[in-house]
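Protein chains: 4
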Amino acid sequence: MDFSHSKRAQDTIQQVQQFMTENVLPIEQEVMQLNRKLNNSEDWRTWQALKPIEELKALAKQHCLWNLFLPDDQLGQGLSCQEYAPVAELMGHSLIAPEIFNCNAPDTGNMEVLYHFGSTQQKRQWLTPLLAGETRSVFGMTEPAVASSDATNMQATIIEEGDNVIVNGTKWWSTGLGHPDAQFMIFMGLTDSDAAKHQQHSMVIIPLDTPGVTIKRMLTAFGELDAPYGHGEVELTDVVVPKTNVIAGLGKGFAIAQGRLGPGRIHHCMRAIGAAERSLALAIKRGQTRQAFGNQIINLGGNKERIAKARMAIDQARLLTLHAAWKIDNFGVKHSMTEISAIKVVIPNMLTEIVDMAIQIHGGAGMCHDTPLAGFAAMARALRLADGPDEVHMAMVSRLELGKYK
Amino acid sequence: MDFSHSKRAQDTIQQVQQFMTENVLPIEQEVMQLNRKLNNSEDWRTWQALKPIEELKALAKQHCLWNLFLPDDQLGQGLSCQEYAPVAELMGHSLIAPEIFNCNAPDTGNMEVLYHFGSTQQKRQWLTPLLAGETRSVFGMTEPAVASSDATNMQATIIEEGDNVIVNGTKWWSTGLGHPDAQFMIFMGLTDSDAAKHQQHSMVIIPLDTPGVTIKRMLTAFGELDAPYGHGEVELTDVVVPKTNVIAGLGKGFAIAQGRLGPGRIHHCMRAIGAAERSLALAIKRGQTRQAFGNQIINLGGNKERIAKARMAIDQARLLTLHAAWKIDNFGVKHSMTEISAIKVVIPNMLTEIVDMAIQIHGGAGMCHDTPLAGFAAMARALRLADGPDEVHMAMVSRLELGKYK
Amino acid sequence: MDFSHSKRAQDTIQQVQQFMTENVLPIEQEVMQLNRKLNNSEDWRTWQALKPIEELKALAKQHCLWNLFLPDDQLGQGLSCQEYAPVAELMGHSLIAPEIFNCNAPDTGNMEVLYHFGSTQQKRQWLTPLLAGETRSVFGMTEPAVASSDATNMQATIIEEGDNVIVNGTKWWSTGLGHPDAQFMIFMGLTDSDAAKHQQHSMVIIPLDTPGVTIKRMLTAFGELDAPYGHGEVELTDVVVPKTNVIAGLGKGFAIAQGRLGPGRIHHCMRAIGAAERSLALAIKRGQTRQAFGNQIINLGGNKERIAKARMAIDQARLLTLHAAWKIDNFGVKHSMTEISAIKVVIPNMLTEIVDMAIQIHGGAGMCHDTPLAGFAAMARALRLADGPDEVHMAMVSRLELGKYK
Amino acid sequence: MDFSHSKRAQDTIQQVQQFMTENVLPIEQEVMQLNRKLNNSEDWRTWQALKPIEELKALAKQHCLWNLFLPDDQLGQGLSCQEYAPVAELMGHSLIAPEIFNCNAPDTGNMEVLYHFGSTQQKRQWLTPLLAGETRSVFGMTEPAVASSDATNMQATIIEEGDNVIVNGTKWWSTGLGHPDAQFMIFMGLTDSDAAKHQQHSMVIIPLDTPGVTIKRMLTAFGELDAPYGHGEVELTDVVVPKTNVIAGLGKGFAIAQGRLGPGRIHHCMRAIGAAERSLALAIKRGQTRQAFGNQIINLGGNKERIAKARMAIDQARLLTLHAAWKIDNFGVKHSMTEISAIKVVIPNMLTEIVDMAIQIHGGAGMCHDTPLAGFAAMARALRLADGPDEVHMAMVSRLELGKYK
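Chains as they are written, first to last, in numbering that gives the first Met the number 0: chain A, 0 to 405; chain B, 0 to 405; chain C, 0 to 405; chain D, 0 to 405.
There is no bait here: all hints are sound.
Since the list gives no way to pick one copy over another, a pair counts as held whenever it fits inside one copy or between any two copies.
Taking lysine-lysine and the DSBU-like style, the derived pairs with C-alpha atoms no more than 30 Å apart in a straight line are:
(1) K122 to K333
(2) K215 to K50
(3) K333 to K284
(4) K36 to K50
In case anyone wonders, no lab produced these hints; they're calculated from the structure.
Modelling step: build the complete structure from the supplied sequences, incorporating the hints.
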């Protein structure tokens, strides 16, 4: 066993750490305020990208701290899943960081899909500008009318018709849909309900300006608009796109989703671990600088035990996620299903508890936007539902466990 | 022992229940949407009261379902604390309900303060319009610069000068400060640091248009502005008001706070219990109408156990609160300190868990404003800090418990 | 509402409290040691009743603190379920107390069965000596070969043959089976699998010296033999008893079990609440008298928060149980099914946590028999299974809750 | 990073796994019964070693599966801490296993002490027979009269007098003291209260037949005598042993304890993880073979979620412990204090919960000795106190964490 990171990973960690400390964290609060000022309305048509973010994107690209999530040493740094994991953790320290490194969801997942499954033309037209950070993208999976935790419930359709496909359906929680630079969505729908269970669905690229695409509204997630990305509800009515927009062929939807799955889960979880570390640090600093009842707050009641529990929970969560990353790298996603589902349950719940503790130590300051904590709390809570609720993933872990005894 | 409610309480319960069912719940969603449309900006100066609410206020007043919180049979229905408790629970089913019955915080607490401690002139000038629902009020207690959980940290000052007092200090989380009808705040500050520990502070009425009063901003509480009430930060610089604005005399701040304490806690907790019942009902209905994996969601995984746990937790919480109300009625606040602190810890935590469960069953719909759940979640979380964090109240319960052994 | 106890209850509480303080608690430790000395072997045939217990039984009888559980003012004090509840709590402070007042399970339940459903002859022969504390009895329900949480799994049979019934089957966890004074068991078995679902089973009195009755062994419950009562496994092979031993007629098993259910649950739970109060008191006293790291243990880490949580949990548990008792008294067992199942889940779990906390504060002393805590821990854990596991009762609460929405 | 075990570790894992499956597990139940039959009395003088265990010890020695805990390739297999860890996990599957491989506490810790710190003579006289499995030993640390979680409370004394030391004091929870082959104890006591804080205590070898050594009693740990080892209380009154029995010199007690600490903690925790895996497997098998309410028990209520939670908790616990072992191997105990304290808290609590779940699924069978579960439950609970209660270790983790901010 060896728990140390590779030289390459260590170097990238060091550089991203330094970039975070020097460039990102110092302007976080100011950027968040600017964002609330510019992008506070529910009307996404008024939203704008933030200039300080664009500037830092250029700087990060210049430092080659760009597309680090991509296991390609031309386009990124060629980091494996386990090498990128600690880097993603660092980005998780601030909600504004991931985009700066062009490493934010859902664009990362979409880039991976196009990188692994896209045609040459699809790559040129859609992937290249995403990799350059010039456009943004959306993923359309969840539907309002059905329990989307069971993907077979999906009602949207992608029907072949000559050289085109006709797309119908309503999606929501389509993150990034409100961004002024959002150009297209990768849309999943039912193509052939007579095919084998995992060959019924397709994924197709839908430019957002295609006739029949109507953005209905932006949703708040626990009070947060998450502008200028937003979580949108979008209706597609008889939308026609050429069959060349279908990714990897009709019926390949589940196969692609499966491949997209593992690394994205690692990224999300490592960022959440970063948010947990940041929350813990904020809790300690606050607890050491505020006084009540003649003592530092950190020394009151069970606060120190809560600090210890946070440390123990984070360390376990990180090891579980790093192990999952190592398993994906060495045995593939298909042989890592327990691990991938387990982190999806463990890490958001861990983050929820640690942010909650940190907020409690901050008092009123923890409830508003004067610290990143309320934002982390909303993110943590949303992560317990995004990409399937906890319960669906526990069912998966359980099914695999019981399967050992048959 | 007798766990049944008095005839008077039962009658009021029945009427409020009917009013909720017929008038409040049917328009809840529409009112919330209207509110997000009209009052979505952080700039409170643009906020407006909602017409449908004003109409229902008139209707409730007409039905004599008005000021029910007040133990006065002229101004309210003369309900005792334990009689009002189940009525408050019903109002808790909707975030828009309390104001409709003129029973929303912090106005109720302020009305109680003026009712019990106000001078004749103070009552005429400030209490009467509040009782009529024509104005709104604010309570200024928490300060941003210190840990306000320890009230002795308070830095604001109320200094006697001739016939006036000079008031300085910054308060935040002053709920209602953004409301267009807000007229005054009851402000607590330090008058004499040489006096006995609980005679150092005073409460004074500050009209919001007094020179030197500057509203700085409205805070979001877990993403919610809670417009058109709002949670404000306000700075008072050399504010001069006549000494006749001081409530019950200089140095009486703690004595008043103590009296204000108990019933308000009961109201908050019972409303939270109502929110929990509503959340449980929503969870069950959603769970019974959505399908996944070939089954109603309610039948999947541990969902039914969670329903049982919710029922058991709510029933315990309600009994604990009713018992506290009965104790206040029969033995007074001073002899009910364990009970009053206990419900402050137990009930918000109970609500937090049940709303969380209900959200989890709703999936995406639980995250946005399509149901009252996200609002309840923010309220529940805020209640764990409002009026002192859980930890301070556990310390109180513990201190009283250990005291029995000395 | 009125949370105060009746005059009659208050008087009995006062007397039992005094009896506990003066007579029971002072000899508890010595009696437990004597018991471990005399009755330490797994061979129940060597067990003997304890003389100090017999002496206190005589004293309690003399004080008319006898059969208090029985709602009959000739045989007991005529206490209702809600009046006996706080008395049972007091008895729960010591594991040796219930028998001293002739109020220990399963004899109480058996006495209730015979009192309510027994024939005149059955009462004379079996109930009278039980009421006098001269004999002990056993209840045979759980079977080793099937999941007894589902009573319809029961495999034992009670078959009519002329004037007799023939009884076959194996029962375990038959408490009291090892006691030298145990005379008979009330045995439940299947009589007619063609009858309606709740009319298939019967209860019959089986004298333990009937041919074909073989006690196989005494079981330990979490390491405790609970001598001289014991938890036995017993095999019945072609046991013949006269039909007059059947209680209330063949097929009445479930009806009787139902009636036996509610009050017994209240007793168990109130005793558990007493054990929790005792554990909390022991924790505080220990925590105030031991020093570590320059402080009383009670002041270290989160100990004081744990004390507060214990107080809040006990108070909620007590109110829940008292309310259930009141509901049984006023509306009957059939209309109190949620309440009766709820306390079965809530109270043993509450006790488990509080005993655990008290043990943790005691360190090594909490693990052995130097305090009552290890015994309480075993009892608490066993109560989570006895009379149906938590999960079965949560399923009941859930089923009734969901039923409201159909 | 590399989460795979070394070739040497993998080979040993495979051999121990096979030995467990073929030789240990098949006779576990029979050995436990034999033990309860032979060694059931609290009078340890009657206890005897078990023949089947002795036979398996010989067999394990013959297979070179002996002293595997010792990082010495002559005496053991030269396994590092991280290599032995998964082997210890396998031994944890059965309470009878560790002694069979001569890997049971406290002998392992005592052998390590003598191996690292003993003089040549001490090794020859005391270590060699221990390594051969011919004698047993005891460790005397905890005292009944003080809170031993704070080692500075220790009252026992080891006073220099000429060529001897005079030893006085009472120890309890001295595991192994009841074993017929127990020969000596390593006893810790205060030598010089004027020395620097961590140089005041000494460790000395006390042969149990030395005059002045009085074994007072064997304690039960949650009802378990754990014969034929036992947990003893022993009184030393003016016991005289030669100074050559002092280990590593007077004043070296803490230094030795520190060195003994880390690896022993890994062993304990890995065995607990093995017990958790065994418990989980038993739960699943039971749940799949018992029926209730028309379904396998495993499919009822939240049981499958509990299985998933168990898998996720075990996997996290194992990774935390393996990481701690790796850290000890690579950076030493002194730089692994957070890790060593963290596993001491996390793993026993994890085991407690998983055993509890498994017992709940077993019903009555889980309470008695028909499965290993009740034994595991007692062990898990005891581990939360042994070697310092959870709270002391959380305080350590917290102290180190807060220290980062100073």
